[in-house]
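Student: Same order as they appear, the protein sequences are chains F and B.
Just so you know, we're using numbering that gives the first Met the number 0 here: the first sequence kicks off at 0 and counts up by one.
Just so you know, we're using numbering that gives the first Met the number 0 here: the second sequence kicks off at 0 and counts up by one.
Treat each hint with caution, since some may be false.
Identical chains share a label here; the pair holds if one copy fits it or two copies do between them.
[To be verified] Listed below are the simulated DSS-like cross-link pairs for lysine-lysine, each with C-alpha atoms no more than 27 Å apart in a straight line:
#1 Lys-369 / Lys-381
#2 Lys-123 / Lys-23
#3 Lys-227 / Lys-368
#4 Lys-369 / Lys-227
#5 Lys-298 / Lys-369
#6 Lys-30 / Lys-41
#7 Lys-369 / Lys-15
#8 Lys-30 / Lys-291
#9 Lys-369 / Lys-50
#10 Lys-368 / Lys-15
#11 Lys-326 / Lys-15
#12 Lys-10 / Lys-125
#13 Lys-30 / Lys-381
#14 Lys-298 / Lys-227
#15 Lys-23 / Lys-75
#16 Lys-51 / Lys-381
#17 Lys-364 / Lys-294
#18 Lys-125 / Lys-368
#19 Lys-291 / Lys-23
#20 Lys-325 / Lys-30
#21 Lys-48 / Lys-326
#22 Lys-10 / Lys-123
#23 Lys-10 / Lys-23
#24 Lys-227 / Lys-50
#25 Lys-15 / Lys-339
#26 Lys-125 / Lys-48
Source of the hints: derived by calculation from the structure; they are not laboratory data.
As a plain string of letters, each chain reads:
There are 2 protein chains.
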Amino acid sequence: MLNFTFRNPTKILFGKNRIEEINKEIPAGSKVLITYGGGSIKSTGTLAKVKKALSGFELSEFGGIEPNPSYETLMKCVEQIKATPVDFILAVGGGSVIDGTKFIAAATLYSGDPWEILTSFGSKIKEALPFATILTLPATGSEMNSGAVITNRALHAKLPFGSPLLYPVFSVLDPEVTYTLPDSQISNGVVDAFVHVTEQYLTYPVDAKVQDRFAEGLLLTLIEDGPKALLDRENYEVRSNLMWSATMALNGLIGSGTPQDWATHMIGHEITALHGVDHARTLAIVLPSLLKVRKLEKKEKLLQYGERIWGITEGSEDERIDLAIKKTGDFFKSMGIGIKLSDYGILAEDIQTIVGQLKDHGMVKLGEKKDITPEVVEQILKLSV
Amino acid sequence: MLNFTFRNPTKILFGKNRIEEINKEIPAGSKVLITYGGGSIKSTGTLAKVKKALSGFELSEFGGIEPNPSYETLMKCVEQIKATPVDFILAVGGGSVIDGTKFIAAATLYSGDPWEILTSFGSKIKEALPFATILTLPATGSEMNSGAVITNRALHAKLPFGSPLLYPVFSVLDPEVTYTLPDSQISNGVVDAFVHVTEQYLTYPVDAKVQDRFAEGLLLTLIEDGPKALLDRENYEVRSNLMWSATMALNGLIGSGTPQDWATHMIGHEITALHGVDHARTLAIVLPSLLKVRKLEKKEKLLQYGERIWGITEGSEDERIDLAIKKTGDFFKSMGIGIKLSDYGILAEDIQTIVGQLKDHGMVKLGEKKDITPEVVEQILKLSV
Numbered sequence: 000m001l002n003f004t005f006r007n008p009t010k011i012l013f014g015k016n017r018i019e020e021i022n023k024e025i026p027a028g029s030k031v032l033i034t035y036g037g038g039s040i041k042s043t044g045t046l047a048k049v050k051k052a053l054s055g056f057e058l059s060e061f062g063g064i065e066p067n068p069s070y071e072t073l074m075k076c077v078e079q080i081k082a083t084p085v086d087f088i089l090a091v092g093g094g095s096v097i098d099g100t101k102f103i104a105a106a107t108l109y110s111g112d113p114w115e116i117l118t119s120f121g122s123k124i125k126e127a128l129p130f131a132t133i134l135t136l137p138a139t140g141s142e143m144n145s146g147a148v149i150t151n152r153a154l155h156a157k158l159p160f161g162s163p164l165l166y167p168v169f170s171v172l173d174p175e176v177t178y179t180l181p182d183s184q185i186s187n188g189v190v191d192a193f194v195h196v197t198e199q200y201l202t203y204p205v206d207a208k209v210q211d212r213f214a215e216g217l218l219l220t221l222i223e224d225g226p227k228a229l230l231d232r233e234n235y236e237v238r239s240n241l242m243w244s245a246t247m248a249l250n251g252l253i254g255s256g257t258p259q260d261w262a263t264h265m266i267g268h269e270i271t272a273l274h275g276v277d278h279a280r281t282l283a284i285v286l287p288s289l290l291k292v293r294k295l296e297k298k299e300k301l302l303q304y305g306e307r308i309w310g311i312t313e314g315s316e317d318e319r320i321d322l323a324i325k326k327t328g329d330f331f332k333s334m335g336i337g338i339k340l341s342d343y344g345i346l347a348e349d350i351q352t353i354v355g356q357l358k359d360h361g362m363v364k365l366g367e368k369k370d371i372t373p374e375v376v377e378q379i380l381k382l383s384v
Numbered sequence: 000m001l002n003f004t005f006r007n008p009t010k011i012l013f014g015k016n017r018i019e020e021i022n023k024e025i026p027a028g029s030k031v032l033i034t035y036g037g038g039s040i041k042s043t044g045t046l047a048k049v050k051k052a053l054s055g056f057e058l059s060e061f062g063g064i065e066p067n068p069s070y071e072t073l074m075k076c077v078e079q080i081k082a083t084p085v086d087f088i089l090a091v092g093g094g095s096v097i098d099g100t101k102f103i104a105a106a107t108l109y110s111g112d113p114w115e116i117l118t119s120f121g122s123k124i125k126e127a128l129p130f131a132t133i134l135t136l137p138a139t140g141s142e143m144n145s146g147a148v149i150t151n152r153a154l155h156a157k158l159p160f161g162s163p164l165l166y167p168v169f170s171v172l173d174p175e176v177t178y179t180l181p182d183s184q185i186s187n188g189v190v191d192a193f194v195h196v197t198e199q200y201l202t203y204p205v206d207a208k209v210q211d212r213f214a215e216g217l218l219l220t221l222i223e224d225g226p227k228a229l230l231d232r233e234n235y236e237v238r239s240n241l242m243w244s245a246t247m248a249l250n251g252l253i254g255s256g257t258p259q260d261w262a263t264h265m266i267g268h269e270i271t272a273l274h275g276v277d278h279a280r281t282l283a284i285v286l287p288s289l290l291k292v293r294k295l296e297k298k299e300k301l302l303q304y305g306e307r308i309w310g311i312t313e314g315s316e317d318e319r320i321d322l323a324i325k326k327t328g329d330f331f332k333s334m335g336i337g338i339k340l341s342d343y344g345i346l347a348e349d350i351q352t353i354v355g356q357l358k359d360h361g362m363v364k365l366g367e368k369k370d371i372t373p374e375v376v377e378q379i380l381k382l383s384v
């Protein structure tokens, strides 16, 4: 096991009707800004529930945070807060709204050019407004971590940042809120959470038995209950298990003391920035091909993954690994997610631009051993044509 | 899954040489009281490392916190702090030292009779001194939770309490520190952690798949690496896995959203209070018999436990459950821990006194369904004669 530091102070309120309790979690008398996305929280009634729970607080709103939240949009919210200060931000939405709110919370109190928050990967953040979340879409884990990814549309750049100051104070996880999600978003969430786990698990062994088994527990749960969520829309237990899996997949726990990869994410970000493909779908495009190309480097963990997740115990090592990778892609497809660039209208000749963008963003040594160079990325993407 | 609230703000510094970093985790200029037990931290050199790391801080000491820390001893420390105030307490030891330090941290700032902290199970605690831990014995999980158990020798009472104000600010988990532990303490720690997991896992199913699999991951790790720790004293990976398993077994995570039992612990506490048997050994006495008596109520989870932990898939349900319970006891015995009252010189005629003490402490409705009455406890203990 590698040395690690773990701390995660976010308070989780999990279950039915927990939104009703949030007035006890926000300091009395706070001016609260509610941030959200395209407005589905109005039609589903979630916004009304939140406002009812916060009666007595001075409330304001900022809506329209888009998927892959843009620097341009978020800076409008920062200007709104500077004109009309607030004490607390409550993000009501999925990973995009929460990620965007993290940027807003930091940028509002940032003294220099807020773009530096991204170019410094968050290291220049010295303070942030307190914020909390009402999660509506289980997927990114942003509700219980301190990281975020922001897109600059003008630059076609999608960049990650984080800071220990950016843990939500609390997050409400009510599985019933997810009943109204479209299938495509459920599928995206399951695949996103799945790949968050593999980024921290499919590397090389360091005999971290607890972390391995926790990761495997999340993968097995996503595989079991992901497809059920598409068939049985209002199954509370299924939605609970998916919601908690997605949070646990990226709250720092399973990756503590283990090597981490994240190349699939970095490559995927460029595909989203250039082609507008949903984040989770870019991961589904990249991961199976990346595993094929990195078969040798990831051999031991791929064999363990094949056996413990897919029950593969027969055949040569090579055959077992190939089958495990095939089953991974098949699982994504069973969730209705295409795993080829061509499924999204992206052509072989587009690969060079994707690789070029990675280079421009300094992403030239990716993976758990920092040896996924632009040449290896090209090889990976060619397998996904 | 049941509704739950989870928050655990303790910062974990895990790995080799992390003691060196603690000066960055305690506010500069703090007066620090170091608490410890019988003094083994002097002979092992751990106290010297701690003092070296804290050069520049004003240090004082309170040693002699015994196993099953007593109200009487801890109140002496409270008096010492009242005479010579400190800003921060650093517990260097195992669960007893850490539990005792939690009581000290709360009692020092308590305005009424400190015994009320125990009779109110901690609910009357309004403030506490900040404290942190250097863990030397992986077992109780106290280094990453907000609970403690204190013994009143005069009353032969061993009582639990807790408060959200009693999470350690940070805990250092250095597996190398455990190399010098005697076998008996390693065994106790493994059994203690094992039973912490079963208290939160062997109840009735609520389809909490993540929690179940995390619990199973901890049990499998303890079963795999527990015996190895007795054979191979300085195996860093084994010690790492045991240390992290013991912490994760009782930091609130695996029990969030699941029913919890804890009857084994409550019965065990009375055996320790009356007969001085090591805490973990009392658990080993009680658990197998409790599972036998509660076979029907715990049927589904016992079958799952048998299959996923012990690979038992053949035989009638009854046979599979019996075998799973037998393997549990055999595992404890393989760690050198006796599972019968007679192994500790306790006789059948002592059972009535144990049951009487439970009644005196109001423990008359135990277990996940609050239906383990004194009569059921008697039945359980008779199976352990």
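Student: Taking the earlier hints as the rules, which of them does this structure contradict?
Tutor: Numbers 3, 4, 8, 9, 11, 13, 15, 16, 18, 19, 20, 21, 24, 25 and 26, in rising order.
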